[in-house]
Amino acid sequence: MHQNTPLKGYSKFMSHQTTWMYVIALIVLITMALMAVMLGPVEINYLNRTSAQDDFVENYILWQVRLPRILFAMTIGASLGLAGALTQGLFRNPLADPGLLGVSSGAAAAATGAIVFSGHLAWVLPESLRIWILPSAAFCGALGICFLLDRLAKWLTPGSVIGLLLTGIAINALVAAFIGLSTYLANDEQLRNLSFWTMGSLAGANWLVLVLMIFVLLIAFFFSQTLTVQINALSLGEAVAGQLGINLKQLRQRIILMVAFLSACAVAWCGMIGFISLIAPHIARAIVGPDHRQVLPLSMLFGGLLLLLADTLARTVAIPAEIPVGIFTALLGAPFFLSLLARQGKALT
Amino acid sequence: MPTNKLLMSLKDVSLQKISFQACLNNLGPFSIDIRSNERIAILGPSGAGKSTLLQIMTGLHQHTGQLEFLEKPIGQWGVQELAYKRAFLPQQHEAAFNLSTKLIISLGRVVRDHDPDLIQIVKASSRAARAEHLLNRSYQSLSGGEKARVHLARIFAQLWDQENGIVLIDEPLTALDPGLQIDLLASILEFCQHRSHTLVAILHDIQQAIDHFERLILIKDGKIVADLPSVPSPKAELEHLYGMTLESIPRPGRKDLLLPSSSGCSHII
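Chains A and B, in that order, give the protein sequences.
One point on numbering: in this note's numbering, the residue at position 324 of the first sequence is 324, and numbering is uninterrupted.
One point on numbering: in this note's numbering, the residue at position 164 of the second sequence is 164, and numbering is uninterrupted.
Some hints here could point you the wrong way.
[Said to hold, decoys possible] Pairwise CB distance ranges, derived in the manner of DEER restraints:
| # | chain 1 | residue 1 | chain 2 | residue 2 | range |
| --- | --- | --- | --- | --- | --- |
| 1 | A | 27 | B | 137 | 28 to 34 Å |
| 2 | A | 27 | B | 117 | 54 to 60 Å |
| 3 | A | 155 | B | 180 | 39 to 45 Å |
| 4 | B | 137 | A | 154 | 47 to 53 Å |
| 5 | B | 245 | A | 169 | 33 to 39 Å |
[What the hints assert, rightly or not] From the derived model, a few chain A residues whose C-beta atoms are all more than 12 Å from chain B:
| # | residue |
| --- | --- |
| 6 | 21 |
| 7 | 195 |
| 8 | 225 |
| 9 | 229 |
| 10 | 231 |
| 11 | 233 |
| 12 | 235 |
| 13 | 246 |
| 14 | 248 |
| 15 | 309 |
| 16 | 318 |
| 17 | 327 |
| 18 | 336 |
Calculated directly from the structure, the hints in this document are not laboratory data.
Built from N, CA and C at the ideal position, the CB exists for glycine as well.
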């Protein structure tokens, strides 16, 4: 009976069903992007242009404001989705998330510190390098928190889900104190920059940052694709994965580096955007099952979709004002997290 | 069997750092030589340190003393090389994310980059572990005994096309029905015999150990109290090990049956 059924799930090839999921998700994503282009304070109707007078303004808005922002939302969302899927794979836990565990706030704290305490550094460095100050500070922060978390949770509460999340809470609190201190010491202009970090915003999108972010995402994606089978093995537990020939130390370090890199870039250019990295892998898993070879790419797709949705709402609900996108992701994410807790209730105790 | 090649040797091996679990503190030192093609059962009361000894053999814990695999210190082996030679079935099975049964079994062969026979081997090993009907189920829908069979199939898949390896198994039969226990033990023994794998298994059932394993290692309070062949019947050693009296019932053509005798338990009532 089993002879003729395709053994999907571990075969090297995708089943038709999975391929269709990718196609559908991509079509939805593209449709949403096209709709998002039209929406905004200035309506752009690229199907029937009326007067040549408006063309110039419309073109400028389309090419310099709206298009980069929409693409940026999708790229950042995809990065967050990938970071979330990797974090959950590393901690073997569907409740893990760079935001909840303090990785994003670690990155934000380091970036905040960089804004407030290295005000003079910006003058010394040449302009071309200034764009990298915040990302590299954020990267150091995220990396530090990741390693701290990995060690601390393993040392204090080995193998415990609650232990991991509580460690995340403690780290979040510690980091929040640092952000608070920086805010207290900041001057007015710095303060305006800082408020950006706490809420998260995609308004800073431009072509340069977009290209850089796409580059980062592509590197992380192709690198992560080489690790998916090992992450699958990791979900059998560390003891077993080691016996199966997985170099655990190396795998951990690589995942941590990638998570830190992705979260740091997202935080550095868009501030803290919560919950995308928690929800996207869950949707992916609900659709294609728990195999990380499919979960990682699909998490990226859904991350992009979710953030595009949230950002479009943020831009258009209160035209011409703009609501911070973090509010929408939190509105979406908090109930989702609670429903997850409700479902996982038994496993946690 | 002194003619066989030395596969693994432990010399004065004990845990290196004092663990958080107090019960592990006075463990070892262990000195054992394991040769190829041996079948070794580890017996002992609960909490005696059987699982820890097995885990030390897998290199899972930091240890002092010498632990050598094929006459090379275990630290000098790469984890990938070892995965072709050694398989380990822990007592507790965990699988995050509700992976499919097929995927779990195929993960036994994760170390191979190119594996053209993967599907055949997964099928064959699941058949050997009596888990073939579970292939299309998700892990979390399985019962304890079914999970044990899936993980056994994973071990089989890992060493399916290898020879002269070592299989370390921690109580594989506890969650199974009596009939299935006999069935699966036979399957494990056959698997190892066909491929000249050494089998080291922790068992709870004295009789299974005596009947099917030629060497017994008895462990009590973290020390090896005896390391002896299963014939002649090690009645006195086992009585001492478990602190009870055993009754030996002769069976024509087979090894004696050892049963806990009621007189030994009378003081409990």
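Okay, the hints, checked on the actual structure:
1. A:27 / B:137: 28 to 34 Å: holds, 32 Å
2. A:27 / B:117: 54 to 60 Å: Violated, since residue 27 of chain A and residue 117 of chain B (Cβ atoms, about 38 Å apart) do not stay within the stated range.
3. A:155 / B:180: 39 to 45 Å: With a Cβ separation near 40 Å, residue 155 of chain A and residue 180 of chain B satisfy 39 to 45 Å, so the hint holds.
4. B:137 / A:154: 47 to 53 Å: Roughly 32 Å apart at Cβ, these two residues miss the hinted range, so it is violated.
5. B:245 / A:169: 33 to 39 Å: violated, 55 Å
6. 21: Holds, because the least Cβ-Cβ distance between residue 21 of chain A and chain B comes to about 16 Å, which exceeds 12 Å.
7. 195: holds, 38 Å
8. 225: About 14 Å separates residue 225 of chain A from the closest Cβ of chain B, which puts it past 12 Å; holds.
9. 229: Given a closest Cβ separation of 6 Å, the condition is violated.
10. 231: violated, 10 Å
11. 233: violated, 5 Å
12. 235: violated, 4 Å
13. 246: violated, 7 Å
14. 248: Incorrect as stated: the minimum Cβ-Cβ distance to chain B is 8 Å, not above 12 Å.
15. 309: Given that every Cβ of chain B is farther than 12 Å from that of residue 309 of chain A, nearest at about 26 Å, it holds.
16. 318: The claim holds: residue 318 of chain A sits with its nearest Cβ about 39 Å from chain B, beyond 12 Å.
17. 327: holds, 31 Å
18. 336: holds, 18 Å
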